[in-house]
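Trainee: Sequence:
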Amino acid sequence: MFTGIVEELGEIVATEALTDAARLTIRGKLVTSDAGHGDSIAVNGVCLTVVDVIDGDSFTVDVMDETLKRSSIGGLVPGSPVNLERAAALNSRLGGHLVQGHVDGTGTVLRRTPSENWEVVRISLPDSVARYVVEKGSITVDGVSLTVSALGIDEQPNGDGSRDWFEVSLIPTTLALTVLGTAPVGATVNLEVDVIAKYVERLAQRG
Numbered sequence: 001m002f003t004g005i006v007e008e009l010g011e012i013v014a015t016e017a018l019t020d021a022a023r024l025t026i027r028g029k030l031v032t033s034d035a036g037h038g039d040s041i042a043v044n045g046v047c048l049t050v051v052d053v054i055d056g057d058s059f060t061v062d063v064m065d066e067t068l069k070r071s072s073i074g075g076l077v078p079g080s081p082v083n084l085e086r087a088a089a090l091n092s093r094l095g096g097h098l099v100q101g102h103v104d105g106t107g108t109v110l111r112r113t114p115s116e117n118w119e120v121v122r123i124s125l126p127d128s129v130a131r132y133v134v135e136k137g138s139i140t141v142d143g144v145s146l147t148v149s150a151l152g153i154d155e156q157p158n159g160d161g162s163r164d165w166f167e168v169s170l171i172p173t174t175l176a177l178t179v180l181g182t183a184p185v186g187a188t189v190n191l192e193v194d195v196i197a198k199y200v201e202r203l204a205q206r207g
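So for the sequence shown, full-length UniProt numbering puts the first residue at 1; every next one is plus one.
Hints are supplied without guarantee of correctness; some may be wrong.
Said to hold, decoys possible - Here are the in silico distance ranges between beta carbons for each label pair:
1. T182 / Q205: 38 to 44 Å
2. N117 / D20: 42 to 48 Å
3. I196 / G36: 30 to 36 Å
4. V120 / G56: 20 to 26 Å
Hints in this document: simulated from the structure, not taken from any laboratory.
Just so it is clear, CB atoms sit at the ideal spot from N, CA and C, and this is done for glycine as well.
Turn these sequences into a full structure, and let the hints guide you.
Mentor: Structure (structure tokens):
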């Protein structure tokens, strides 16, 4: 379990293709400082298990094919910056919201609107998760706990139906210390909705 409060901006050091999987080596001095084999670290919002610790500032993880297909992890290359967060301790403050590190889908950065003190980022919502997102509710974008500031639907100009989107407002700290600060229009981001919404839906279905 995580909180969506990024501890460190890390970097992909190396990638290795395996059979139906990939092995990543990631540099992050802070999150590696007390990491050991089997520990969980969220990488751009994806909960991954530490395989080895290298030189005290890097660690390796194995990523299964299912995760590569459902998240943006498969697009990472050496030099890619990544958001890193260690699993939450039971005695720590919950600064964001309850985050599982289980990606529900991916979105695309549609627009960035800067202002003097923050930046509004619009991101597409896949149909499979749109119903779980509400204005002023919580959502995790690349491992960052954020509040939904707006929701909307755009009709596609080519007649291919409509596209749901949501917006988040990023403060200077988030812009400076996470990958969202430099994610360009067109970038793919990992999305995890509030798990409580999914439980409520399941309970209602079983009535």
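Trainee: Tell me, which hint numbers fail for this structure?
Mentor: Result: hint 4 breaks, nothing else.
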